[in-house]
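> Take a look at the letters that make up each chain.
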Amino acid sequence: MPQMSMIEAIRDAMDVKMAADENVVVFGEDVGYFGGVFRCTHGLQQKYGTNRVFDTPINESGIVGSAIGMAAYGLRPCVEIQFADYIYPAYDQIVSEAARLRYRSGEQFTAPITIRTPVGGGIFGGQTHSQSPESLFTHIAGVKSVIPSNPYDAKGLLIAAIEDPDPVIVFEPKRLYNGPFDGHHDRPASNWSKHPLGDVPEGHYTVEIGKATTFREGEDVTILTYGTMVYVAEAAVNETGINAEIIDLRSLLPLDVDAIVKSVEKTGRCMVLHEATQTSGFGAELAAQVQERCFYHLESPVVRVAGYDTPYPHAQEWDYFPGPARVGRELKAMMETV
Amino acid sequence: MSEYKPLKFNVPEPTGRPGDQPDFTYVQIPEAGSVRRPEIDVPATDIKDLATTMIRVMNTAGDAVGPWAEDIPDEALLNGLKAMLRTRAFDERMMTLQRQGKTSFYMKCTGEEAIAIGHKAALMKGDMNFPTYRQQGLLLSTDYPIVDMICQILSNEKDPLKGRQLPILYSARSHDYFTVSGNLGTQFIHAVGWAMASAIKGDTKISSAWIGDGSTAENDFHSALVNASVYKPPVIFNIVNNQWAISSFRGIAGGDKATFAERAHGYDIPSLRVDGNDFLAVFAASRWAAERARRGFGPTLIEWVTYRVAPHSTSDDPSKYRPKEESDAWPLGDPVLRLKNHLIARELWSDERHKQAESEYDEEIRVATKEAESYGVMGAGSSPKDMFEAVFEDLPPHLREQRQKMGV
Chain S
1 MPQMSMIEAI
11 RDAMDVKMAA
21 DENVVVFGED
31 VGYFGGVFRC
41 THGLQQKYGT
51 NRVFDTPINE
61 SGIVGSAIGM
71 AAYGLRPCVE
81 IQFADYIYPA
91 YDQIVSEAAR
101 LRYRSGEQFT
111 APITIRTPVG
121 GGIFGGQTHS
131 QSPESLFTHI
141 AGVKSVIPSN
151 PYDAKGLLIA
161 AIEDPDPVIV
171 FEPKRLYNGP
181 FDGHHDRPAS
191 NWSKHPLGDV
201 PEGHYTVEIG
211 KATTFREGED
221 VTILTYGTMV
231 YVAEAAVNET
241 GINAEIIDLR
251 SLLPLDVDAI
261 VKSVEKTGRC
271 MVLHEATQTS
281 GFGAELAAQV
291 QERCFYHLES
301 PVVRVAGYDT
311 PYPHAQEWDY
321 FPGPARVGRE
331 LKAMMETV
Chain W
1 MSEYKPLKFN
11 VPEPTGRPGD
21 QPDFTYVQIP
31 EAGSVRRPEI
41 DVPATDIKDL
51 ATTMIRVMNT
61 AGDAVGPWAE
71 DIPDEALLNG
81 LKAMLRTRAF
91 DERMMTLQRQ
101 GKTSFYMKCT
111 GEEAIAIGHK
121 AALMKGDMNF
131 PTYRQQGLLL
141 STDYPIVDMI
151 CQILSNEKDP
161 LKGRQLPILY
171 SARSHDYFTV
181 SGNLGTQFIH
191 AVGWAMASAI
201 KGDTKISSAW
211 IGDGSTAEND
221 FHSALVNASV
231 YKPPVIFNIV
241 NNQWAISSFR
251 GIAGGDKATF
261 AERAHGYDIP
271 SLRVDGNDFL
281 AVFAASRWAA
291 ERARRGFGPT
301 LIEWVTYRVA
311 PHSTSDDPSK
321 YRPKEESDAW
331 PLGDPVLRLK
341 NHLIARELWS
351 DERHKQAESE
361 YDEEIRVATK
371 EAESYGVMGA
381 GSSPKDMFEA
391 VFEDLPPHLR
401 EQRQKMGV
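Going down the list, the protein sequences come from chains S and W.
Its first residue numbered 1, the first sequence is counted upward by one per residue in the working numbering.
Its first residue numbered 1, the second sequence is counted upward by one per residue in the working numbering.
It is possible that part of the hints are untrue.
[Stated by the list, open to error] With a straight-line Cα cutoff of 27 angstroms, these simulated DSSO-like cross-link-like pairs (lysine-lysine) come out: (1) Lys-125(W) - Lys-201(W); (2) Lys-47(S) - Lys-201(W); (3) Lys-232(W) - Lys-47(S); (4) Lys-405(W) - Lys-262(S).
FYI, nobody ran anything at the bench for these hints, they're computed from the structure.
Looking at chain S on its own, in the form it has when it is part of the complex:
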């Protein structure tokens, strides 16, 4: 099986869909001739032409808004917002238009668009190249949100997103583009070629939207997480020796509630873990779901480990980023709660 980085897997997903469906078009800032600032669309314009892959003005509202118009016509736009930190100018188009087109039109018009956007920190990106704004979108009725943590899922989820009849935002953890990252910034970075999840099948396959996966089986505590934090959780487990079950949610909306309940009922404890700021973050929804559904199985309070409620700092990157040490401390404290 071919080895791919997450970047190559994402590019391959678009290649597969563009070859199979001539209505799939790809556009965004610098995605055309140059192939994207992260190389995710490298070579696609040469292969499919400027009618199918093209550069846009620096106007996120225009990117998403024109994609909605194209979708109303019958195309399948897969657009890129260069950083999730810059998705806000398109927020009105996503929330007020893409998410509601089907509902408000009595299904006469739909918006089967895919919005790809690099997300997350751990790269010294500072305030505007590190944010994790997923909860601003999971709060919106009518739009799906997914976030892969490895090349296999990235390709499968992106193909599923492009084929999905509803708008899907694919948050791509840019820290994971080239290799897994467990928060140990002081150690050499590894790359996907040495990781089993870097094995990516050729051609078409999908990862179902709305389904979580058990990243690591365990008995003592459930860690609900996604994106880069999957590997941070794994490192914390290895370093503390606590036998945690790590659930990689993959899909935030729809959420795989059954997988969450099954795991927490088994372990009796739950940590929710994400990079995004804590207050009203997606972890609050996860904690509430667990409290509502698993109350009588819980042996300790649900714990949230998240980014602090501050803008993402530059110099204090590793104080801010919820690394394995912090996750490990919280895990130990949880296990000591009777």
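Once you have looked at the hints, place chain W on chain S.
Then chain W, alone, in the frame of chain S:
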């Protein structure tokens, strides 16, 4: 001592407030027929003057004059007049429905009927319109069922949008009418995307974008123009300048000294400024822009100069912010009367036929209203089950659970 005087903060004011005499001296009105008609492949830079003048066809005697008067079929004019009467009758009846408490909300387009109806007449089946809430003429000039429109307004059991949407925010794909959003300006860029798609697929369909003077200040106005400037898709940008955005006059949108048509120039988009109450001018300019788009010469922007005669909505009282007599003093007159006089002068129409048509449409809409009311008023007959459908194509687990808890 500073050599500089204190700076002053500028907040534009309209020429008249309640109690003042209307003052429209700011509206420069050239003679009908005096503005030239360029070839459809004209570069934007060659017609910059057309953004500061006004294309007009009907003169004060009601005659059609000048280059824009050529080849306008009688049928388009007769159908246009009828559709304007039908629209006016519809607006009146729906206003009454709101006053009777049978619907929560309505918005009239009185005085602006010629624009949507004349424009629609110049398009072809399959050309998609991306309207605002004030282009009901796009539907009422077609065979779209009036009963369906009223059912939407009543949010009843036969509402095509199943009670989910505020009255008048219609959606009619079958009649090339994109779903109207409450969020202003958003659809302007949708129209561009649709036109880009048509060009990408090598189609021959075009799209029409609609926006009001006030909403040109929204970001998506710029998004649309910059994308159109770059990709040259087959789109027509319609700015309906009715002088008012609720209580704010056009100056608050930055349109006091500069025209809205002039905004196209920085984007290399040809633009026209047209008498929006002159049905012949509306039809001729729309046909020019449509032909230009369909032949692959790219976008056109048109500022339609008109006046919002009615209150902004049933929730608005214009006597609180503008002179009461302002609408009567509007120098471009009433689009219905002007077309009526033109057709009578040409012996294609008469006062009797006009009266007869008025009562026919009044009756048609009365009957349709009665039928629509039989399916429920003010949301009666809508189903709470429909509330959960169509958020997504398939009902996801969390919505299924919420629906089950509700017991529907």
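> Hint by hint, work out which the structure violates, then give me just those numbers in ascending order.
Those not satisfied: there are none.
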